[in-house]
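Please construct the entire structure, taking both the sequences and the accompanying hints into account.
Protein chains in written order, with the working numbering: chain Z, 1161 to 1738; chain Y, 177 to 983.
By construction, these hints were calculated from the structure, which means they are not laboratory data. Note that the structure is predicted; figures quoted are calculated from it, not measured. A virtual CB, placed ideally from N, CA and C, is assigned to each residue, including glycine. Just to be clear, a hint being listed does not mean it is correct.
Stated by the list, open to error - Which residues of chain Z face chain Y? A partial, calculated answer using Cβ under 10 Å:
id, residue
1, GLY1256
2, ALA1257
3, MET1259
4, LEU1355
5, ILE1360
6, SER1549
7, LEU1675
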Amino acid sequence: MSAEMLFALSTLAGWAAWFFVVMAVLAGLRLAANAPGIDRDSAKRSLVVCSVGALLGFLVCFFTPADLGRQIEGEGVRIPAVWFYMHFWGWAALSGAVMGLTSLIQGYLAVSQEERTNKLKWMGGWLIFAGASFWLFKWIAPQVTIFRGAFFLSPATIGIAALLLFGSLAFLAFSTRRATTRSAGKTMWTHLALLAGCAIFGLPFAWLLSSSFKEDRDLTGGVMWIPKVTETTAYFDPNKPQFSGQAYGMEVTAEPTKDLGNGKFQFDIVAPFNMRGRTFEAAKSELKVVPKQVPIVNGDWDGTKFRGRVIEELGNGDRRIEAMEPANLAGQVRDFKRDQAPDSRPDGLRWKNYPEALQYLPPETNFGLVYLKNTLILVVLSVIGTILSCAIVAYAFSRMRFPGREFLFKVLLATMMLPGAVTLMPQFLIFKNLGWIDTLQPLWVPAFFAGAFNVFMLRQFFNQIPMELEDAAKIDGCSFLRSFWTVMLPQVKPALAVIAIWTFMGTWNNFMGPLIYINSPENMPIAYALQLFSGERSGEPGLLMAFATMTMLPVLALFFFAQKYFIEGVTLSGLGGR
Amino acid sequence: MPRWALTWLLTVALLMAALVGRAAPSEVIFWGQSFGPDSKGFEATIREFERRWPQYKVRVLSMGAGRMNPQKLMTAIVGKVPPDVIFQDRFTLSDWANRGAFMPLDDLIARDIGSDPFTPDLSKYVPATVDEATFNGKLYGIPFGCDTRVLYWNRRVFKQEAAALRKAGLDPDRAPRTWSEVLAYSKALTKFDKNGRLIRAGFLPNYGNSWLYLFAFQNNAQFMSPDGRTCTLASPEAIEALEYMVKGYDIVGGYENAQKFQAGFRGNEFDPFYTDQVLMKVDGDWILPGFLKFVPGMDFGVTEPPVPDDRYYQRGKFANEKDRYITWAGGFSWAIPDGARNKDGAWQLVKWLQSTEARVLENVAQAEWEKRRGREFVPRIIANMPANEESFRLLAPKDENVAAALRLHIDVSKVARIRPATFVGQVLWNEHVRAVDQAGIKVLSPKAALLEGQKRVQKDLDAEFEKEKFPVVDMRLPGYLGAGAALLALAGGIFAFSRRKMGRLERNEALWGYAFISPWLIGFLVFTIGPMVASLFFSFTQYNVLTDARWVGIKNYSDMFAIDQERLFKSFSNILYLGGIGVPLGLITGLGVAMLLNTGVKGMRVYRTVYYLPAIVPAMASTILWIYILSPDPSRGIVNGLWLQTLTPAFGVQPPGWTSVESWAKPALIFMGLWGAGSGMLLWLAALKGISPTLYEAASIDGASPRQQFMNITLPMLSPVILFSTIMGFIGAMNEFDRVYVISAGEGYGPNDTMLVPVYYLFQNAFSFFKMGYASALAWVIFIIILIVTLFQLWLGKRMVYSEVER
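Here it is in structure tokens:
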């Protein structure tokens, strides 16, 4: 046996021993609790078995080399760890063998002859599976790599882990007074598992939110959860004053760059970002002087800790700093190297990412409002179109008699399977011939022509409405249109809500449609704009995350208001589609 | 009608009205550059244009400037809403010209040459750039840039490592001059850390901007035969060049290792060349401003790009060569799409932009702006030679390294070669990129990789040259036929209906019924069955929308299964992987969560919300989020960041490269998909609640263990949902597009085609290359495969799914 393998076995034995210790403590607690409903015999038995297991594990661990791992430096208690890296079929063979072994033991312990044969059959099956997998494993990729290493846990971490462990054990012991250990334990494990799952599912969200409030430098400097933000202060720069005023039809901040002689100056726009670099001409009197926002720094002034503000970034990487605190230094100016006077960056959220992300959008999109407008047009028209057309078609298929109804309905069902890809190109040509390229029409007009799946689902709903209702209306002399509109439609409102939500989601998410049909920014919907933004602004991940958050906010808001319909919708789509 | 309905209708009418309205005619729409701090000079030229020609107003749109993704321009031209001027990579001009998508400019030049001083004088341009913009004897664009490539080397590190270099028998005071010297220098300078991770690369063959083109040109390779009818991508010279690149990658631990290393590169002041991560690279003159901006005074050197040894020593097949060095030049051009709505304005704008006056104005304005920001400006080398001279006279850089580099860039333009002006330029480019990738990761030998690419380019060439063989077919034919068939069916229907014996009421009801289903019926005819028939028809043609369609019979299908067989196979095997592993994993995850929730724990609603929330996040947003989460660079991606903090120190295992390496790209997609398993979870939950508790009671009375209960009650009762979810999951996997498009940025198919999925491939063929016929054939193949898979699943379902209703 190789030294590596020995190390692996010893490590595993050590871990198993610890596991048995916990199990033994648990069994002891069960015995101690002495509540009705506890099987004392089984508790005693597991106490004995676990104790023996723990002892054995520790023995193996003790007599085999447990420190063959790579030399790893670290602080705290060294917990050796191993991991086997092998092909999928290797794992299959291993689990097959373990399952076979389990069946064998179960067969040995079985009460009846019947159960024994049954278990032995299972064992045979598992072993055949294990053998076949092993052969495949040998054939495809027979290497096994053992990763050896160790985790280092600081005493504090171990303390917390122990506290948690004994806390949960105490909780178990406490709950045994009221219920059986088994169900209390089960509930706790369920919650633990669910919470762990929540952490995994929620992690990307948390990261998205946290990132959308970070400065860009923190997004490329390793993992950081709590955003930091640079403190700034207002500063009227006497050398390079900033002005604000109207230009290109919007409020801009600008710096004068050239004296044009006739009392006018040429101004360079510095904000908003999408206008950055553009120039305009104006007299200084037409504009208002505004302060700059300059970073606050902390540093060391001849041995005195001080706070100051950067009044000029010098070209060579140095910065000119005016001290603000303490009082005896205030107002003095001196040049510092950048690392001697780092920015003051307390924990905080950089809200500015959100407005800045919008400011980066092309000017003609009016800070993204045009995208929102386009998306809303699409959503509103699609939802109206889908609901009206699907409802009326479904109603006809459900309640009206006309020759060919069954046949047409079958055709409708058949089209549900059709992938969109087949009709993609001819549809493009149709819309091209209509002159609808670079307009929103190709994206919403088809919604007015009843999608098969929605019709199918609504028809099921109409079918469930009692006939009497409509008959009564008919006797009163209602036309079909009227009885559809006033009697039947209100009956299927929940289903309509579900369809509306699907359509909303589908339209909001639609990416391929705009990608094909839309060219100019003023016709783009949000999903496509986001993709373009991510291509162009990948250098400013903070802004990108802020923009991504903004694009999903309306959807999330809708979800929280109409959660019931979302959940109903999923259920309907699955169970209705049987 | 209720009032709210009226309000709705009014809103609709208003919104429709808002949709009408178009650009004013005097507007000139310019694609490919945008205004910003780094294009102040460009803005100045545009403003000056508007001042001198006040009848025009220019609208500048970036539209993913500089990218090699032609899809947007193509749809715009086909849809008759093209820009008026496009700033386009020159080597693709022939491609567009061949389709008749761009306007030839010769006549306009001839018309204006005496009368307008701004008319381009092509004799003053770098000849190679004019050749590149010429196709079939006509000029399709006015050249702008002329970006030659040279070798940049980090003199500072060469000095530091002088001992090591001397030990390897190399001179630390100069850069390598030949291929074998490059490899020797790279070997001596490349460094790995103790875990075997690359931390400093001497030379990454394809980092910077060299591609196979440069090395192949140096080896005298031609990519096309002189008559333009045969592709010679896999010539022995090109194969040698690619072998050299692969050797270069071997030194740094292989191509994949290099990709992973590169995925961690950052921009601006952390550029890998400044931070000593890459010591030698071939690049163009556009990187020069960066030196002044981020690392003023950096000690770097430039030299002609190293050439094959035989060429340098002028022996062997190069014995009679006059040029010792060879470089490659590319650059952009201004072109006017055919069908531009404001041709006069466009031509006026192009004439102005190319003029020496405008070129100098642009440089001077940008220089002034940079000066105000406290930076120095470096003019770009352009094709207009007098403008170059004038700009350098006014704005020669002070930094001597940068000045030397600029000088060298100008000097080597004499030995610059260009990509062949062929209408398959884009395909040739894509295939060559792919060949480098495939040879790099060693799934194919350089020769086999290039041969495969050559085969595919040749297919397109043949299709074009042989198209005369095939008869022209009127594409309105399916339209007429379809309309005719629809009318016939309608007439037949009306006839059958009128012959039918019905009561008055009955007839009335039937008529209303037809009226009610008419939205679906019309939609079905116009948007479903019509397009399906049309698409079947297209699949037998060769059609690029702009020129006549040709009837080619089953050629599209036979090509697909002959030349494109591997790619087709790969795309479906990718789907099989994504669907075969991703769908069951998603089902199991959903079921697991649902079973935990179904135990009646407290706070079920809260948990349910948390698990379901990711499923409703818009796909685009979640993909972009995941690209960041799974970024291979540990300083960016949180997963690799955490991995590096925990697993790497414990086990010494490097974090995976996720979407940038072949083996992890598809698992990354699957992880992303699992995040959205919440909707499946809801479905399971509903189904679990639907199982009658009496079944479980009966089972536990009989002494069934929880496992037995699960196997014998839960699973069978859930089987309809399993069937439904599997089918929907597979159909969803088949239609995979958005994520792949975003991750690969619409270019290429990921490392070794791992992101090649059928719908994306179809999209590229249809809307990037406008091979409508071929794409339609693909669509039908996809359709048939989906149909077979679904029917198979249904058949399987019939045997395995429990149903309350006896069949």
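query: Going back to the hint list, which numbers does this structure go against?
result: 1, 2, 3
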